[in-house]
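**Q** Those protein sequence lines, which keep their order, are chains P and H. Under the working numbering, think of the first position of the first sequence as 1, with each following residue one higher. Under the working numbering, think of the first position of the second sequence as 1, with each following residue one higher.
Careful, some of the hints might be misleading.
No copy is singled out in the list; a pair is fine if it fits within one copy or between any two copies.
[Said to hold, decoys possible] In silico EDC-like cross-links for lysine to aspartate or glutamate, where the CA-CA straight-line distance does not exceed 20 Å:
id, residue 1, residue 2
1, 332, 404
2, 2, 312
3, 206, 179
4, 212, 182
Hints in this document: simulated from the structure, not taken from any laboratory. Keep in mind the model is a prediction, meaning the values are calculated, not measured.
Below are the chains, spelled out letter by letter.
Protein chains: 2
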Amino acid sequence: MKLENSKGTKDFPPEEKIVRNEVVNRLITVFEKYGYSPLETPIIERYDLFSAKAGAGEESDAMKEVFTLEDQGGRKLGLKFEQTLSFARFIGMNPNIKMPFKRYEIGPVFRDGPIKLGRYRQFWQCDADIVGCKGVIADADIISLSLEVFKELGLDAYIEVNNRKLLRGIIEFAGIKPELADSVIISIDKLKKIGESEVRKELEQKKISDDKIAKLLSAFNVSGSYKQKIEVLKGIINNDVGKQGLEEIKEIFNYLSDEQKKNVVFNVSLARGLGYYTGPVFEGFMRKSKVTSSICGGGRYDNMIPMLLKTDKEYPCTGISFGVDVITDVFKEAKQLGDKKTVTQSFVIPIKTSKECFSICRELRNAGINADMDLLNRGISKNLAYANSMNIPYVIIIGAKELEQKKVNLRNMKTGKEELLSVKEVIEKLK
Amino acid sequence: MKLENSKGTKDFPPEEKIVRNEVVNRLITVFEKYGYSPLETPIIERYDLFSAKAGAGEESDAMKEVFTLEDQGGRKLGLKFEQTLSFARFIGMNPNIKMPFKRYEIGPVFRDGPIKLGRYRQFWQCDADIVGCKGVIADADIISLSLEVFKELGLDAYIEVNNRKLLRGIIEFAGIKPELADSVIISIDKLKKIGESEVRKELEQKKISDDKIAKLLSAFNVSGSYKQKIEVLKGIINNDVGKQGLEEIKEIFNYLSDEQKKNVVFNVSLARGLGYYTGPVFEGFMRKSKVTSSICGGGRYDNMIPMLLKTDKEYPCTGISFGVDVITDVFKEAKQLGDKKTVTQSFVIPIKTSKECFSICRELRNAGINADMDLLNRGISKNLAYANSMNIPYVIIIGAKELEQKKVNLRNMKTGKEELLSVKEVIEKLK
């Protein structure tokens, strides 16, 4: 047998997992500050949940990427490929849950798709959603939350916002039939990435007349502050759905502080793919980074749960999803973090004093210091080389001589400086 | 479609997930204090890894419970059913890793087995292991770690220890052929649970003669302190392997403090099933609890990785596994925790002051207070009922009158007491 990971999966050794945990902990801190509570749904779901979603308008490409399996009872199952679907099932199964319900969920999702650089078949998603609130104050809460996440992680990032109603209004204004809206939205979504002339070509291939294309694209030629863009668009778009979209965008900005507004950009062409979005959409980006793709994205999806549950009851939802892997990459970049190979702060080296060192180690740990010790009876130089290669900041050398004096030898691995101290003094120093 | 979880899986709503997170965070704190670093291995593994382990002597029952699947490329895969196997693969794939390597891993594992009360097909395991250390100082470290976990969680628990070498020595002493050792060990393991006469019956069925059974069982009839048990057994067992087992048990106890020894019991009949153990074994139990099954268990498995990797190189290992679900149950019991339905500490109720409340909420959050607000423009009484049903300790009511005075109305939901305070004063009070 060749030892290897299953295709498209990877291990996270300590030097990667330590920073990943740091990122996840910061995300959790912010989510909980914002009143989102944790939820855990299982990784295995009944397969008909996935097909129900496909029926609820989800693109079938995603369905193809569901890992499927059977249990011993012959039940068809699938591995979750996003957090939202299980969230929707949970809401449907818990009709007495208090609304609005704000939850976050962090964990692995799975897609049996092609492998590219940085694209894996198992990856972590971290979602925050609100169900039960129609007002865009909920969308403003999600945007506020995302900005706070950037701050907590020290990321120079911003959020683009738009509104699907505005896009529908613009398509109506251009005189394009509603049946073509989905297809047109896919092209519009690419404006920022491939530019106007390429999008024009795509729209021509979609058999949309030149004058309609011209009218459509004119609406995206707005610039300036969000207020200026809204003003200009208000002058162009005279249908109800478009006006409502603009009103919602304005209202969202009204909830934000001046400080927050600096990091929120109204991008008229943002659509977020096909998806199931019905109102505000948002997507986060780094300002200066090797990572140019989005670092988070989401929006309002008022129809998804009712369609899934086949109910007339309203389940307005809005939420955002952070890619834990990409967020970890930009966090490391922003903080200029080197590899931390271990969580250990101090490494105890016994010179024929293993038993005593075991007890001193316990004392350090009881005082809350991450401590480890040589378990192999290695010599001092080998132990120093080990501590050095692991980037452990302090080493504590203890021989019979030191024990006699009730002292230990604390060595700062960076400076090489050694001090003869009591264990209590070491604890005070390292705390 | 009927909305339901896939068979044998369950959701963890906030009231359960909040306490689960608390438990996991405490486990992590202790692991890191003890110098164990985090590792994450994928949930999907190549199927031949599981079959390689079956080849390495693992009972085939576990193999039957592996969830199997195929990717689009037709590769046979399985979902991890324990953490150890992926850990072994990781070690095999990273020959340059510094030894000893101490790691912990926490996450879901999967077993496609029968469903019983409290037994699920997806459950969390939390493992701490050391690879690269032959000496029982490593086993003492694992026991020490477990005792610290009990302390951190406030559990009145203890650890039973034994040694497989001692069991082999006792079997040899009884004159039972080594080929029967595995089968005899399975029966011996039940001594505590089903009693001597039932075990005697089992052994008779296994065609072991009465005099051998008598000799065998006599060795388990020891009582008193660990020291007394060791003394008595030293007088009986005169073969090398048994003596070595006793020596190791003594050495482990020597590393422990008097305080720790109070929570460590030498149980001569502890075997930990068939498993792959080669030396010390340990299993943790609650003293007084509804939970009578073990809450953690582990031991030394020096042969597993070499057999898996088909190598002569030595990979001595020892480790312990905590069942996160059972640990969460006993933690809730020990702490007498009620359901915490939300992480929110303060809930802001606007009286036609949504925009201002949004900003005050942001101020509270920036100060590190978990804050939420009404997003539905509900009346005061509905909002109070909501906060009450969610067990949110404080509510902050803000109308135009309060805003004029630059104050807010802080209500303690337990006492009903209201105070007119500035936001700053609220922050000081709630921090």
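**Q** My question is about residue 2 and residue 312: at a cut-off of 20 Å on alpha-carbon distance, are they close within one copy, between copies, both, or neither?
**A** The answer is between: 17 Å across copies meets 20 Å, while 54 Å in one copy does not.
**Q** Using 20 Å as the alpha carbon limit, work out where residue 206 and residue 179 are close: within a copy, between copies, both or neither.
**A** within (12 Å within a copy, 76 Å between copies)
**Q** Given a CA cutoff of 20 Å, do residue 332 and residue 404 count as a within-copy pair, a between-copy pair, both, or neither?
**A** Result: close neither inside a copy nor across copies, 45 Å intra and 45 Å inter.
**Q** My question is about residue 212 and residue 182: at a cut-off of 20 Å on alpha-carbon distance, are they close within one copy, between copies, both, or neither?
**A** Within one copy only: 16 Å inside a chain, 80 Å across chains, cut-off 20 Å.
Going through the hint list in order, the structure does not satisfy hint 1, though it satisfies all others.
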